[in-house]
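> Just so you know, the sequences run in chain order A and C.
Under the working numbering, residues 324 to 501 are what the first sequence spells out, in order.
Under the working numbering, residues 7 to 108 are what the second sequence spells out, in order.
Check each hint, because a few of them may be wrong.
[Said to hold, decoys possible] Only part of the chain A face toward chain C is listed, based on derived beta-carbon distances under 10 Å:
(1) 357
(2) 373
(3) 387
(4) 405
(5) 415
(6) 419
(7) 420
(8) 426
(9) 431
(10) 450
(11) 453
(12) 455
(13) 466
Worth flagging that the hints you see were computed from the coordinates, not collected in a lab.
Quick reminder that beta carbons are idealized off the backbone N, C-alpha and C, glycines included.
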Amino acid sequence: MNTVFYISAAIAIVSTLLAVSRLNAIHALLNLIVSLLAVAVIFFILGAPFVAALEVIIYAGAIMVVFVFVVMMLNAGDEITAQERQWLRPQTWIVPAVFAAILLAELIYLFSGPANKGVGEHAVNPKQVGLALFGPYLLGVELASLLLLSGLVGAYHLGLRHRSLAGSRHDPATKGGV
Amino acid sequence: MDAISMHHGLILAGILFALGLIGVLARRNLLFILLSIEIMLNAAGLAFIVAGARWIQADGQVMFIFILTMAAAEVAVGLALALQFHRDFKTLDADAASKLRG
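Working from the sequences, and respecting the hints, build out all of it.
Have a look at this one:
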């Protein structure tokens, strides 16, 4: 199990590094999907099978598909890649990278103390998660549904604003294309 | 089943979070900034799962589900804003919107 954990962790780190450094948006997205799948494997090893499935279905599936759709709608082709190459010079990323690396080093230093208790020996099954979710966290579930509704209405409103100004607000079926 | 050190899980979450932070700070394309925010949210969720596995409680997974919900809502609104931005400015350069009333 330990070996599987470290291999997946290495894959997650390398593919995330590729995801934030690629110039082409689709390449970055594909690397990020690999990273999310590796994290899903880690969830499974840590004894959280339900969340591992959610990670694959919602993160690597739904959210990334939305990203791919937007990249397609924006038609990010070769000129965007050239633009990114122009934007992504070392002088723009070296300082934030050094600062983030310092913060990370501090974090690792804080974590490297004693009291290394193991994780992943016992699984927390979906039934326990469901009982907690709809028991003590019921209010949180209701708030999450409100958040999703407001996100839906907000995204719809933002997507429709220009068209309603143009006067064709009665025809939402023809939306699409940028 | 061999146990995995909790610190190693948290360090992995920290590394992924730092990579996402670098992406947010260093990229200028709105799409990549949103992508990096997703990486950071996912790393925070990983930390919750590791903590939940440490104390064998379901609360970590419940928190991850809430983070997932929030990420879904955030990405819907964020990408709608990115599309709107692209319509208005014909670019995805975040610096194009550096003025509040431009």
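> Now, for every hint given, state plainly whether the structure supports it.
Hint by hint, here is what the structure shows:
1. 357: violated (12 Å)
2. 373: holds (6 Å)
3. 387: holds (9 Å)
4. 405: violated (12 Å)
5. 415: holds (6 Å)
6. 419: holds (3 Å)
7. 420: Hint holds; residue 420 of chain A Cβ to chain C Cβ min 5 Å, cut 10 Å.
8. 426: holds (6 Å)
9. 431: holds (5 Å)
10. 450: holds (9 Å)
11. 453: Residue 453 of chain A check passes; min Cβ-Cβ to chain C is 8 Å, inside 10 Å.
12. 455: holds (4 Å)
13. 466: It holds, given that the least Cβ distance between residue 466 of chain A and chain C is near 9 Å, below 10 Å.
Violation of the numbered hints given earlier is confined to hints 1 and 4; the remaining hints are satisfied by the structure.
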